[in-house]
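Participant: Residue numbers (UniProt numbering), protein chains in the order written: chain A, 1 to 272; chain B, 1 to 302.
Quick caveat, the hints were computed from the structure, so don't treat them as lab data. The C-beta atom is built at its ideal place from N, Cα and C for all residues, glycine as well. Mixed in with the good hints, there may be bad ones.
[As the list claims (entries may be wrong)] What follows is a list of derived Cβ distance ranges for each label pair:
id	chain 1	residue 1	chain 2	residue 2	range
1	A	262	B	200	26 to 32 Å
2	B	202	A	257	24 to 30 Å
3	B	213	A	254	37 to 43 Å
4	B	161	A	262	56 to 62 Å
5	B	23	A	270	44 to 50 Å
6	B	162	A	226	22 to 28 Å
7	A	154	B	87	32 to 38 Å
8	A	32	B	225	53 to 59 Å
9	B	124	A	5	35 to 41 Å
10	B	172	A	262	53 to 59 Å
11	A	92	B	168	56 to 62 Å
[Unchecked claim] Partial pick of chain A residues on the chain B-facing surface, computed with a CB cut under 8 Å:
id	residue
12	110
13	227
14	231
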Amino acid sequence: MKSSRFDPVILTLGFAFLYIPIIILVIYSFNASRLVTVWGGFSLQWYSAMWSNEGLMDAAWVTARVAILSATIGTVLGTMAALSLVRYARFPGKTLFSGMIYAPLVMPEVITGLSLLLLFVALNVDRGFWTVTIAHTTFSMCYVAIVVQSRLLTFDRSLEEAAQDLGCPPVKTFFRITLPLIMPAVVAGWMLAFTLSLDDLVIASFTTGPGATTLPIKIYSQVRLGVTPEINAICTILIGLVTIGVIAASITSKRAELRRIRDEHVALRGAA
Amino acid sequence: MAETATNPNAGPARWLVVAVPYIWLLLFFAAPFLIILKISLSDTAIAMPPYTPVLEGLGALGDFVSQLDFENYTFLMEDPLYIDSYLSSLRMAFISTLLLLLIGYPMALAMARAPTGWRPTLVMMVILPFWTSFLIRVYAWIGILKPEGLLTVLLQAIGLLGPGEQVQIFRTDTAVFIGIVYSYLPFMVLPLYSALEKMDATLLEAANDLGCPPLKAFWRITFPLSLPGVIAGSMICFIPITGEFVIPDLLGGAETLMIGKTLWTEFFGNRDWPLASAVAVLLLLVLVIPIVIFQNQQQKVR
Chain A
1 MKSSRFDPVI
11 LTLGFAFLYI
21 PIIILVIYSF
31 NASRLVTVWG
41 GFSLQWYSAM
51 WSNEGLMDAA
61 WVTARVAILS
71 ATIGTVLGTM
81 AALSLVRYAR
91 FPGKTLFSGM
101 IYAPLVMPEV
111 ITGLSLLLLF
121 VALNVDRGFW
131 TVTIAHTTFS
141 MCYVAIVVQS
151 RLLTFDRSLE
161 EAAQDLGCPP
171 VKTFFRITLP
181 LIMPAVVAGW
191 MLAFTLSLDD
201 LVIASFTTGP
211 GATTLPIKIY
221 SQVRLGVTPE
231 INAICTILIG
241 LVTIGVIAAS
251 ITSKRAELRR
261 IRDEHVALRG
271 AA
Chain B
1 MAETATNPNA
11 GPARWLVVAV
21 PYIWLLLFFA
31 APFLIILKIS
41 LSDTAIAMPP
51 YTPVLEGLGA
61 LGDFVSQLDF
71 ENYTFLMEDP
81 LYIDSYLSSL
91 RMAFISTLLL
101 LLIGYPMALA
111 MARAPTGWRP
121 TLVMMVILPF
131 WTSFLIRVYA
141 WIGILKPEGL
151 LTVLLQAIGL
161 LGPGEQVQIF
171 RTDTAVFIGI
181 VYSYLPFMVL
191 PLYSALEKMD
201 ATLLEAANDL
211 GCPPLKAFWR
221 ITFPLSLPGV
231 IAGSMICFIP
241 ITGEFVIPDL
251 LGGAETLMIG
261 KTLWTEFFGN
271 RDWPLASAVA
281 VLLLLVLVIP
291 IVIFQNQQQK
301 VR
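Please construct the entire structure, taking both the sequences and the accompanying hints into account.
Facilitator: Structural data, given as structure tokens:
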């Protein structure tokens, strides 16, 4: 499509809107003054205040464990779900199954959170670390399933077929051929699940119990009391970690892609 | 053996692959909805859990049917607070979705028209803020919109506001709209972009060669072809915005009525679980149509 001369203007304005609030937040985490509007010079005092805030650090630790565990279980389940959706032409209740994969993506969090809480109460389960992890696993697996599914749909089946023709058993074919080929999508799905878990306030608020306060719950209760530079500091660290993670992942996947193209090239030339 | 070629996981492992995620979703996604429906039909009790169980054991099925009571729903229908919350949520979600389309469409179009080498970077730039926490992004706006916040400072500095004046946006519906548009923009831009990027550029060239003016070509060719993206983006935004809690709670004021906030207050504030469940069931009923549209769209894309 031909571009218009307004396009750069639109993009500049759009990205300014997306980034300026975050940049301001980061800048003010280094503010020596407690007031958000007054610049009192550069200072790291809010980072040390945050570091010595035990409640905040405990919450960060709980959140990290929930996120790693739920993203990992969710990735395994989500990959299985994606395989079922793409590779299994028909099975009883497939429509219901795909409905249950797509619905959590748009379901308002208050509904998901409340309904899961009522399930845990009905099952008489003590709420805490594990109930939050189960809740996060449930929405994580749906996101992973969507990401992996789109990779499986554009997947060249000939390698799998070749392996099977040569007598490789199905499970081995999956781990030796399919999984390495869909790995970038699986990793992307894991990262998405991890950050979504790190973010979640509403579902965690419903499903958590004593001793399992996550970071968003902690941040939320402090934000309600007002803006403090300490929150800016912890937010800045989270933003930094996520940015580094996303950029590193995209560089790694680009490298892997390049290597794959080169390998294919070499293989083709070798064959010729 | 065509059968094994289409089913690489033949054997017992084959069924496990379907069964494990299926059972997980039935247990932790479908079953909770039945429970929420059940509890919405029970009475409030001062106890833990704060409701009287409707169903005690499977033998009580006869009692169950006779005991069902729609008291909570009648209450919801009679109290204007709830009806107003639903209507106001739908109105806010509708206006926000329109605003998102108005801002997101030009961005997606500009991205799709950008040089091919630039596009992955632009997509990455749209996704990056989405990776940072929702809560953090809403929090960032509090510091800007507060009466003594940065917007006031900026407007005073350029002389648009007098020294004593302050912007009165924080804790109003306007602040909620800003927060929603800001938070959901990536969800709108990405489906639009992927629809526009797939478009065949030769169609527009042909229209141009045949003398069709650019604006007309946009409405006759570009827009209709991007319709799947418009529907997907609108649904991905509209449905969760209707039940949004964090944004109206942190940026909205006392007069901002949204059903997610009402449900939250009913549950955490008044500890009325059956009523909160009834609010959730009705919200789900309101959203069934958009959810079905969304799912059909997703299945078509596949």
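Participant: Does each hint hold? Answer for all of them.
Facilitator: Hint-by-hint comparison with the structure:
1. A:262 <-> B:200: 26 to 32 Å: Distance hint for residue 262 of chain A, residue 200 of chain B holds at roughly 31 Å.
2. B:202 <-> A:257: 24 to 30 Å: holds (28 Å)
3. B:213 <-> A:254: 37 to 43 Å: holds (41 Å)
4. B:161 <-> A:262: 56 to 62 Å: Taking Cβ atoms as reference, residue 161 of chain B and residue 262 of chain A lie about 59 Å apart, which means the hint holds.
5. B:23 <-> A:270: 44 to 50 Å: At roughly 46 Å between Cβ atoms, residue 270 of chain A and residue 23 of chain B fall inside 44 to 50 Å, so the hint holds.
6. B:162 <-> A:226: 22 to 28 Å: Since residue 162 of chain B and residue 226 of chain A have Cβ atoms about 26 Å apart, the given range 22 to 28 Å holds.
7. A:154 <-> B:87: 32 to 38 Å: violated (43 Å)
8. A:32 <-> B:225: 53 to 59 Å: 54 Å Cβ-Cβ, so the 53 to 59 Å window holds.
9. B:124 <-> A:5: 35 to 41 Å: Violated - the Cβ-Cβ distance for residue 124 of chain B and residue 5 of chain A, about 24 Å, lies outside 35 to 41 Å.
10. B:172 <-> A:262: 53 to 59 Å: This hint holds: roughly 57 Å between Cβ atoms.
11. A:92 <-> B:168: 56 to 62 Å: The hinted range 56 to 62 Å holds for residue 92 of chain A and residue 168 of chain B, with Cβ atoms some 58 Å apart.
12. 110: holds (5 Å)
13. 227: The hint holds - residue 227 of chain A has a Cβ within 8 Å of chain B, the shortest such distance being about 5 Å.
14. 231: With a minimum Cβ separation of about 7 Å from chain B (threshold 8 Å), the hint on residue 231 of chain A holds.
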